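Chemist: Chains U and G supply the protein sequences, listed in that same order.
Position one of the first sequence corresponds to residue 1 (the numbering used here), numbered consecutively onward.
Position one of the second sequence corresponds to residue 1 (the numbering used here), numbered consecutively onward.
If you are wondering where the hints come from, they were derived from the structure by calculation, not from laboratory data.
Among these hints, one or two may not hold up.
[What the hints assert, rightly or not] Examples of chain U residues toward chain G, derived with CB under 8 Å:
1) Q281
2) E287
3) G288
4) L289
5) L291
6) R292
[To be verified] Pair by pair, the computed Cβ-Cβ distance ranges are:
7) U:P255 with G:G111: 22 to 28 Å
8) U:R34 with G:V37: 39 to 45 Å
9) U:D36 with G:V20: 56 to 62 Å
10) U:G111 with G:S118: 53 to 59 Å
11) U:R34 with G:S82: 21 to 27 Å
12) G:V31 with U:L56: 29 to 35 Å
13) U:T196 with G:V31: 17 to 23 Å
14) G:L90 with U:A99: 31 to 37 Å
15) G:S82 with U:P198: 41 to 47 Å
Computed from a predicted model, the values in this text were never measured in an experiment.
Quick reminder that beta carbons are idealized off the backbone N, C-alpha and C, glycines included.
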Amino acid sequence: MTFFVHFWGTRGSIPTPGHMTKKYGGNTSCVEIRCDDSLFICDGGTGLRELGADLLTRGTRPITGHFFYSHTHWDHIQGFPFFTPAYAPQNTFHVYGTAQGDKRTYDLLSGQMRSEYFPVDFGELRSNIVASHLDGGHRVIDGCAVSYYEQQHPGRSWAYSFVKDGFKVVYATDNEIDLTLSDPKAVVADPLAPRTIPDAFRRFCHGADLLISDAQYFDDEYLTKVGWGHPRATTVVDLALQAEVKQLALFHHDPMHGDADVDRKIALCRERAARMNPALQVFGAREGLELRFG
Amino acid sequence: MSSHKTKNDWNDESTSEISVTLLPLSTEQAVSVLEMVQGPGAPRSYELYRVEMVIGRAIDADIPINSTDLSRRHVLIKRQPSGQHQIQDLDSRNGVFINGVKIHAAILHDGDSVQVGSLLFVYHEGRAIS
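Looking at chain U on its own, in the form it has when it is part of the complex:
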């Protein structure tokens, strides 16, 4: 068994093309997880367009893909109308809701292709697009166990974990963990003190070989953005440490952050991790990066 994780879009909120974001990239959220022959796609931000183009270069066999959307805010769905494989009749894509009857994501994907928003109607996509679901919490797809966890975000959002043959990858973006801490006042009193992550989320992430996590803000920025749905990057380090994660990918970079800012954010997070457990590896997710497990 081999997991490949490829970052196609790592930016939060809005695409940010330009030389200031050249290193980490300006496309919004899209991560490809390949598990043996299975294709899992986490979010369909603008990075999805490039994933689609790349899939077409990999061969002529019909493509089957499984879409897991954290939620349906613009920066997570905007790439879908430009996902070229969706226009080919031999391909099949499953769009997962949480439970039977949950078609929120499927409906939003089709809704954003109404003529007021986009010139091609959803009905004109010739691939087979199926509204699927995770049976209320957990489902095995091609031998890979996929679970979800509801996060803290305006309008709701979901994290997903993918487990096969002892390897585990967690995708958890758009999650204001800071609002769920059991001791938020302690954080204000002493920012260096460990922040206690709720048990349920800690267990969800526990032992992951890779945690891809929203890490949008610096500590000082967050103070004016409470309730916007994103965490302090430093809080995510504490999550990774308490969940005994092996590698942490800082993801969903703030659109106001240039490459130098992201570098600084990574350095601060590495410093925090090193104080508590030097074994935790922290890095910044960047476009074009592909990791392999197994």
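Position chain G against the provided structure of chain U, taking the given hints into account.
Modeler: Then chain G, alone, in the frame of chain U:
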């Protein structure tokens, strides 16, 4: 409309001499370089002048380096149509690390450190070696 031909008439195909200044090559046109900062013969620089270049222990690698912790064909560096360089681990025994992170593939950016076995390189984007 007057049929009188003026100096600025669009149909006038005569030309005037202009002065042209040659500009330096842009960074996109200059050759990117891998600078070996740790390893046999370091410091040493390798120009990435081909579209695809393999680093490895094999004598026929594009960048052959005699180091026992390198695989015969260890890593491929491929220039993309965009001009960027992609680095890819060729299922090597000891892996490839960018800025300390073990990767399977990545787009290289100026200043990235590339560890291949016990060798350490720094990637310089579009900068010719002197």
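Chemist: If a hint holds in the structure, say so; if it doesn't, say that too.
Modeler: Going down the list of hints, with the structure as the test:
Below 8 Å, beta-carbon pairs count as interface contacts, and U:Q281 has one with chain G at about 7 Å; its hint therefore holds. Interface restraint check: U:E287 against chain G, minimum CB-CB distance 7 Å, threshold 8 Å, status holds. For U:G288, the interface hint holds, the least distance from its beta-carbon to any beta-carbon of chain G being 3 Å, beneath 8 Å. At its closest, the beta carbon of U:L289 sits 5 Å from a beta carbon of chain G; the interface hint therefore holds under the 8 Å criterion.
Interface hint status for U:L291: upheld, as the beta-carbon distance to the closest one in chain G is roughly 6 Å, under 8 Å. For the restraint placing U:R292 at the interface with chain G, the shortest Cβ-Cβ distance is roughly 4 Å, inside the 8 Å limit, so the hint holds. Between U:P255 and G:G111 the CB atoms are about 23 Å apart, so this pair conforms to the stated range of 22 to 28 Å. Remark: the range hint 39 to 45 Å for U:R34 to G:V37 is contradicted by a beta-carbon distance near 34 Å.
Distance hint check for U:D36 and G:V20: the Cβ-Cβ separation is about 58 Å, which falls inside the suggested range of 56 to 62 Å. Checked against the given bound of 53 to 59 Å, the beta carbons of U:G111 and G:S118, roughly 55 Å apart, stay inside it. Here the CB-CB span from U:R34 to G:S82 is close to 23 Å, well matched to the stated 21 to 27 Å. The given range of 29 to 35 Å is respected by G:V31 and U:L56, whose C-beta atoms sit roughly 31 Å from each other.
Range check, U:T196 to G:V31: about 52 Å between beta-carbon atoms, so the 17 to 23 Å window is missed. The supplied range of 31 to 37 Å is broken by G:L90 and U:A99, whose beta-carbon atoms lie about 43 Å from each other. Checked against the given bound of 41 to 47 Å, the beta carbons of G:S82 and U:P198, roughly 43 Å apart, stay inside it.
Checked against the numbered hints given earlier, this structure breaks hints 8, 13 and 14; the rest are met.
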